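Participant: Protein chains in written order, with UniProt numbering: chain V, 1 to 968; chain Y, 1 to 87.
Keep in mind the hints are simulated off the structure, nothing from the lab. Keep in mind that a hint or two might mislead.
[Said to hold, decoys possible] Here are the simulated lysine-lysine pairs, DSBU-like style, with alpha carbons at most 35 Å apart:
no.: 1; chain 1: V; residue 1: Lys664; chain 2: V; residue 2: Lys859
no.: 2; chain 1: Y; residue 1: Lys84; chain 2: V; residue 2: Lys853
no.: 3; chain 1: Y; residue 1: Lys84; chain 2: V; residue 2: Lys270
no.: 4; chain 1: V; residue 1: Lys270; chain 2: Y; residue 2: Lys86
no.: 5; chain 1: V; residue 1: Lys859; chain 2: V; residue 2: Lys879
no.: 6; chain 1: V; residue 1: Lys609; chain 2: Y; residue 2: Lys84
no.: 7; chain 1: Y; residue 1: Lys84; chain 2: V; residue 2: Lys859
no.: 8; chain 1: V; residue 1: Lys854; chain 2: Y; residue 2: Lys84
From a predicted model like this one, the values you see are computed outputs, not experimental measurements.
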Amino acid sequence: MRLATPEKTVTFTFDGQRIKGVPGEPVSAALLAAGIKLVARSFKYHRPRGIMSAGSEEQNALVTVGRGTAQEPNVRATTLEVSEGLEVFSQNAWPSLKHDVMAVNDLVSPFLAAGFYYKTFMWPRSFWEKLYEPIIRRAAGLGALSGESNQDTYEKAFAFCDVLVIGAGPAGLMAALTAGRAGADVVLADEDTAMGGRLLREREDVDGKPAADWVVEALAELEAMPNVRLMTRTTVTGAYDQGTYGALGRIAGGRAAGKPLECFWRIVAKRAVLCAGALERPIAFPNNDRPGVMLASGVRAYVNRWGVAPGKAVAVFGNNDDAHRTARDLAAAGVKVAAVIDSRDDAKVEGDFPLYTGAEVIATKGRHALESITIKTGNGTRVIRCDCLAVSGGWNPTVHLTCHMNGRPTWDVGIASFVPTPESIPGMVTAGACNGAFSTAACLNEGAEVAAGVVADLGLAAEIKTPSADDAAYAIQPLWAVEGKGRKWIDFQNDVHVKDVRLAAQENFRSVEHMKRYTTQGMAPDQGKSSNVVALAVLADATGRGIPETGTTTFRPPYVPVSIAVMGAGSQGKGFAPERFTTSHSASVDRGAPMIEAGLWYRPSYFPKEGESHWRQSCDREVGYVREAVGICDVSTLGKIDIQGPDAAALLDFVYTNGFSTLKVGRVRYGLMLREDGHVMDDGTTARLGETHFVMTTTTAAAGLVMRHLEYVLQAIRPDLDAQVISVTEQWAQFAVAGPKSRELLNTVLDQPITDEDWPFMACGAVSVGGVAGRLFRISFSGEHAYEVAVPSRYGESLFRQLVAQAEVMGGGPYGMEALNVLRIEKGFITHAEIHGRTTAFDIGMERMVSAKKDCIGKAAAARPGLLGESRQQLVGLKSKGVDHALSAGAHLFDKGASHSRVNSKGYVTSVCYSPTIGTHLGLGFLENGRARHGEVIVLRDHLRNITEEVEVCDPVFFDQDGGRARG
Amino acid sequence: MRIDCPNCGERDRREFYYQGDAVVLNRPSEDAGAQAWDDYLHNRANPAGETRDLWFHEGGCRAWLVVERNTMTHAVHAATLAEKVKR
Chain V
1 MRLATPEKTV TFTFDGQRIK GVPGEPVSAA LLAAGIKLVA RSFKYHRPRG
51 IMSAGSEEQN ALVTVGRGTA QEPNVRATTL EVSEGLEVFS QNAWPSLKHD
101 VMAVNDLVSP FLAAGFYYKT FMWPRSFWEK LYEPIIRRAA GLGALSGESN
151 QDTYEKAFAF CDVLVIGAGP AGLMAALTAG RAGADVVLAD EDTAMGGRLL
201 REREDVDGKP AADWVVEALA ELEAMPNVRL MTRTTVTGAY DQGTYGALGR
251 IAGGRAAGKP LECFWRIVAK RAVLCAGALE RPIAFPNNDR PGVMLASGVR
301 AYVNRWGVAP GKAVAVFGNN DDAHRTARDL AAAGVKVAAV IDSRDDAKVE
351 GDFPLYTGAE VIATKGRHAL ESITIKTGNG TRVIRCDCLA VSGGWNPTVH
401 LTCHMNGRPT WDVGIASFVP TPESIPGMVT AGACNGAFST AACLNEGAEV
451 AAGVVADLGL AAEIKTPSAD DAAYAIQPLW AVEGKGRKWI DFQNDVHVKD
501 VRLAAQENFR SVEHMKRYTT QGMAPDQGKS SNVVALAVLA DATGRGIPET
551 GTTTFRPPYV PVSIAVMGAG SQGKGFAPER FTTSHSASVD RGAPMIEAGL
601 WYRPSYFPKE GESHWRQSCD REVGYVREAV GICDVSTLGK IDIQGPDAAA
651 LLDFVYTNGF STLKVGRVRY GLMLREDGHV MDDGTTARLG ETHFVMTTTT
701 AAAGLVMRHL EYVLQAIRPD LDAQVISVTE QWAQFAVAGP KSRELLNTVL
751 DQPITDEDWP FMACGAVSVG GVAGRLFRIS FSGEHAYEVA VPSRYGESLF
801 RQLVAQAEVM GGGPYGMEAL NVLRIEKGFI THAEIHGRTT AFDIGMERMV
851 SAKKDCIGKA AAARPGLLGE SRQQLVGLKS KGVDHALSAG AHLFDKGASH
901 SRVNSKGYVT SVCYSPTIGT HLGLGFLENG RARHGEVIVL RDHLRNITEE
951 VEVCDPVFFD QDGGRARG
Chain Y
1 MRIDCPNCGE RDRREFYYQG DAVVLNRPSE DAGAQAWDDY LHNRANPAGE
51 TRDLWFHEGG CRAWLVVERN TMTHAVHAAT LAEKVKR
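Input sequences plus hints: build the corresponding full structure.
Facilitator: Here it is, written out as structure tokens:
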């Protein structure tokens, strides 16, 4: 029921029913205004549940929003803003909220007590996975995902400030005003849609005017300060090391406005002031979960802030003065107060409503909504008709963030709750209700004083100026659970009641951590915000200990549920793996080449021609280009590192196993790089362009790794070396021109023709390519007479197209990764398939490349006895019996006659191909004592692909063993 | 977590690559013997308390840093350029 006619409304639906809401209010307010009490079914017993609170602590009113790709389950109706066309659905009920079949769970609840599944579903064991678990999962639960990919966008952002103020209630506003006026950079974050906290929800005066008016003035002053940033709809979710705070920002308008749904903030603050307020706690009395039973603070919020009466006749039950405040506010708003029930004998209250002191609520009635309550007083029991019961069991300071770095809160007898332990989070101080100061005046004062202390620490001077406000003392008499027939709910979200906690204690799960896991109390999405202290009190009572001795469980981040989507914002799909394109990318795509991923790079697999129906046809043809004419391949993805300085050669001597100081200017040398543990890290060629200038080539995969390694060596191991390194991978486009006609082709693009005499095998130097200053390297990864020509990237595409056009005139053309792989296997050249991190120079047959004349990274460790000798699996070539006998990479190698079991494995296959040059299938692999076994026939077995083949062990160089073609 | 890079100032830990114990700065000589090399390569203390680790400001100035911090309190005491520590 609305207390006044709203000026503007929007229409949304709840389970298809059209409902009017007022912009700015939560869905829960609109549902209550429409008289809807039943909004959800509980997690385990499918009990009817209504709206309990008016904040993010809501335990019952979880709903699903939207449908299809935009479907979001388990949204709290109390924090979900109404908007035009919003679709809201109840969840965990079938076929409907009112007629939920699974409510049968509630009838058999005596068998479903805490821990029931540990005991009941033990045997037979095989039933667990196939039968019990699926059934239990279907029966219990909350909202469901749509199963479709989420199309919403999310953001992440960083913010920096001197002072982060968490919460914008009376303490937070005063803290922000005080720090802001002193000139500090302030971020004020509050999870509500409007700042003000309880000042917007209570009927009281601040500075002689209604509190809400004072809030408007305070916010106007804050907004006018350039050094203050106000963040509404932003929940600070976690406190982390060195003053870093996580915060979940909901974006106003969100999806409907075409904006991201949420933003995850990382706020770095020199100091933080926690003004998170307090959460009201319920009282556990029989059937206290009936829709219509609400927290008194929530009832006041709906009445005072949103002008919605949650019932026509409201009873109030409490153990502190806030119960009376609720009754006064309801009466002032014209809502009938059915009764005020105060458990304290000495409670005093004035008002035009029946008051029962020393009384308790012992029963509730009503199927889908509250109809009446039964109370017990000194004079017996009495039934009171009401459709809403406002409950106040006292307030729990919101200490959560102070516990995020292992801090434990301290029990405060005066307020019968926990308060933060000082200095639990370095750089964070607490003020106001979260600190146990509950009156408005105390909150305003603490906020100002604490902020003044903080800015003084930062070297600024603050003036403490606080407005006048209510300073009533907080009088509470602890009341945790009321005895009586029926379940007394503690954790509404996980359906845990008093008896469950007592059962835990009875079965010797007496530690609070054990009780939590046994009953699941506090393990629901709300993380026990409202239930923890009550559960502790009940456990303490059942175990005969005090509450401080019983202790608390640990509050961990996040304070409210945070979607994985927002934490991973920007990192989905291509955001997770950005694409790197070579300069020849579009030229390759134009030719219909399928592009394959190589790290983040995309490279052409092969270049199909008309009439070819299988990739092997294209690949064989491209191999033929290189072996018989000329082929072109973009090799720009290989890492290129420019190394300069007087000690550049000494650096290379130290990171490569072989020597580079002896390399002549204008020459290239192959180098082998080890990790310090003696295993191969990478290989590649390095060209000496000048006395103090080298260009190193790395493999595509290890480009970043090698760059980091060189910087590590220069800074952490050999800072005595005067050399500089920088990656130039992206600066140069580089193309392999390979085949017997390679020089002939190059001479059509080079401004000065080259000869074999000027450019012998492994020569390098500057060339002019169509007037562009480029570089030429006579190196070969195919075993053919070949070059790599490099030009600045902006000329890459043009040069590639020109080289390919020329090659085609000469009977060649472009070749892709498949052909490149065949060409290198035929020559026994290794890639990271072979140097996969567990192989040594000895294993790959390059132990002679480890120079005896100098130290290098990995040299000492590579000499360890276990890394040398016959027991090592050594690189070998493997030749199949013929074209019909394909080999398989990943297969294991066995002696003939041995069973194909793990213990008999003598090695494995790393690379395979069909070689059109040799006319059979070839493989590279590692075989125990393999170098001594050339000529033997062994068995290759792939259990996954079910392939068994006999193969001949041979030298890994299958083709042109003396290397004459590359030199020639 | 924040690390105060001597070149760039205080930065989020996401900008850094973590390597491990800074004992790797004390590289044995080539002929130091198997025991010394075994210690250098493999044997690490796992202290509850003060540690001295190598971090790399990969998303920043690309400096290798020796970071002193406490694994119990998570306090970061100092970050020094590895090349200065070494010299």
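Participant: Next, verify each hint and record whether it holds.
Facilitator: Each hint tested on the structure:
| no. | hint | verdict |
| --- | --- | --- |
| 1 | V:Lys664 - V:Lys859 | 24 Å, holds |
| 2 | Y:Lys84 - V:Lys853 | 29 Å, holds |
| 3 | Y:Lys84 - V:Lys270 | 28 Å, holds |
| 4 | V:Lys270 - Y:Lys86 | 32 Å, holds |
| 5 | V:Lys859 - V:Lys879 | 33 Å, holds |
| 6 | V:Lys609 - Y:Lys84 | 59 Å, violated |
| 7 | Y:Lys84 - V:Lys859 | 26 Å, holds |
| 8 | V:Lys854 - Y:Lys84 | 25 Å, holds |
Hint 6 from the list above is the single one not met by this structure.
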